[in-house]
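Visitor: Dock chain B against the given chain A, drawing on the hints supplied.
Chains as they are written, first to last, in my numbering: chain A, 35 to 319; chain B, 3 to 324.
Hints were generated in silico from the structure; no laboratory data involved.
From a predicted model like this one, the values you see are computed outputs, not experimental measurements.
The beta carbon of each residue, even a glycine, is placed where N, CA and C say it ideally should be.
Keep in mind that the hints are not guaranteed to be accurate.
As the list claims (entries may be wrong) - Which residues of chain B face chain A? A few of them, derived with a C-beta cut under 7 angstroms, are:
1) Val18
2) Leu146
3) Gly260
4) Val293
5) Thr296
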Amino acid sequence: MHRNSRPKIGLILSLSWFSVCIFCAIFGDFLPLPKWDDYDYDNSAARMFSKGHILGTDYDGSDILSGLIHGSRTSLGISILSVGAALIVGSFLGILAAYRRGFIDSILSMFFNVFLSVPTIVLTLVLVAIFSSPSLDGSSTELPRELVLIISLTIVFIPIIGRLARGTALSWTGREFVLVAESIGMRRREVLIRHIVPNVMPALISLFVLGIGFVIIAEGGFAIIGVGTQPGASWGSMLAKNRGELTLAPHTALIPATVIALTVASLNYYGEYLRSRIDDRESRI
Amino acid sequence: MKLKLIAFNLLRFVTVLVLVTFGITLLVRLLPGDPVGTLMPFATEADRAKLSAELGLDMNVVEYYFRWLGDFIRGDFGTYYASTGDGGGAKVSEMLAVALPRSLLLMLYVIIFSLLVSVPLGLLMAYRAQTRVDNVASNILFALYSIPNFALGLGLAYVVGVKLDWLPVIGYVPINEGFGEHLKSMILPTISLSIGIIALFSRLLRSDIISTLREDFVTMAASKGLSNSWILWRHVFRPSCSTLFTAAALQMGGLIGGSVIIETVFALNGVGMLLTASIATRQYLAIQSLVALTAVAYLVFNLIVDLFYSVVDPRVASHRAS
Chain A
35 MHRNSRPKIG LILSLSWFSV CIFCAIFGDF LPLPKWDDYD YDNSAARMFS KGHILGTDYD
95 GSDILSGLIH GSRTSLGISI LSVGAALIVG SFLGILAAYR RGFIDSILSM FFNVFLSVPT
155 IVLTLVLVAI FSSPSLDGSS TELPRELVLI ISLTIVFIPI IGRLARGTAL SWTGREFVLV
215 AESIGMRRRE VLIRHIVPNV MPALISLFVL GIGFVIIAEG GFAIIGVGTQ PGASWGSMLA
275 KNRGELTLAP HTALIPATVI ALTVASLNYY GEYLRSRIDD RESRI
Chain B
3 MKLKLIAFNL LRFVTVLVLV TFGITLLVRL LPGDPVGTLM PFATEADRAK LSAELGLDMN
63 VVEYYFRWLG DFIRGDFGTY YASTGDGGGA KVSEMLAVAL PRSLLLMLYV IIFSLLVSVP
123 LGLLMAYRAQ TRVDNVASNI LFALYSIPNF ALGLGLAYVV GVKLDWLPVI GYVPINEGFG
183 EHLKSMILPT ISLSIGIIAL FSRLLRSDII STLREDFVTM AASKGLSNSW ILWRHVFRPS
243 CSTLFTAAAL QMGGLIGGSV IIETVFALNG VGMLLTASIA TRQYLAIQSL VALTAVAYLV
303 FNLIVDLFYS VVDPRVASHR AS
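For reference, chain A alone in the conformation it holds in the complex (with noise of 0.2 angstroms):
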């Protein structure tokens, strides 16, 4: 209740911000601006609005703007590749403990509760350490540094999703119409398909536009460290190549930060408000 009468305007604000990122993950490259790894050496570390570069250039005279709209592919792309594959396997995971319940559920439990006892960064970084080495030959087999993060996330996540379906899930199996339609003789798949994944979904949207912002911060974290993508191809390592630059060009690596930071805030606000449609939903049940 309290929720809903905040201002709709925040909601509006957050779906825009979040449709320009998306459109500039779709459509950056037709844009008419300087390629982001084009090398303006002349204008390098240039100042914000000026000639030919909106944003400036970093130290390499690369564009910024430029950098930002591909750098939403980059971002975007992995964030929602990987919760999106974590959400399929964790959920079909996830429900189905709640619903075998015994020796899957104990097993599918532990797991869990395994992958989630290592930091979700520190597990991260060894899984990318895993995937992103050569192989043992030495031949260049290497994947690239993208699908490595994307692969080592998805695996990250699909026990948190799991756990969290599972228990959506659980706290729907004893509800009374679901009792009833047991008792009526429903087959329990049907009973599983028709009354428990229909109300889990929602939970697992909500957590999905989380979790997108969750993997943009996750991203550009790695990128700091050291094993994100190649050098200015996402946000996060635009962030990460240009933080040393604060006393000389502070804004090359502010905007990225910024952007990171707007983006992660309208998804959590969409997120929360989603979640907020479904309590009042599942009140109203």
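Guide: Relative to chain A, chain B alone:
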């Protein structure tokens, strides 16, 4: 009943601990590349054989795991091989003796600072729930919660460190070189890590206090004519802080190793940075021991929470178990 619960918690702790450390062993074994060639590119055959034995490459995973576990329990975390490639190097435990206090102190400051801010804030927000104070505070906290800690850290470093030149931007000053200087070097990292945690803590406390305020014993206390602040601190706060306590303990567990990004931004050289460096240079033993250490830290704090509940408050314990 109580003993049974404690035994159950301990058993689960040990099981997860063994599974986690074994899983980490498997993961480290999966690290691609030739460990001996990476750590000792120009070694003689004899040296190679020695290193190979040290890394347990001649054993199967289970044998190796138990040898490592024995060393780990005794506090021998392996060798951090030097880049000279002659198989020499420092003991990981000695490097940890430098890095761990830094991470622990950072964690301690973050938790203390977060609690100092969020407890009064949560109380205030709950006491003034649904009013303008509550709304404004909730919205500000929400906005702050969304800022990634490294972005906040960079912003703070720029404003406070570069523009105003009040605090050092990077580097760690040990306590014995002056407590004031030490605190100064820790202020920015502490604030960067705390803001998100403060937002989390005050929201948790706020909602718990609001539900406690609806209890009959609060109405009773109010009708006896006790003052509001007395009721809030003595009657309401204590039964409402169990979620906060849980969250704080879990944060403490997660911050060892989890603070790696802020440690890097402010060049604190804590456990997280030691781990990053080990991964970058393929220090097999160090990676395994350090990851295990972060997991153990997290699990220990988890265990503390579980034991606390099973001993102190049976009502909550049975509630949580159900």
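Visitor: Failing hints, ascending?
Guide: As far as the earlier hints go, only 2 is violated by this structure.
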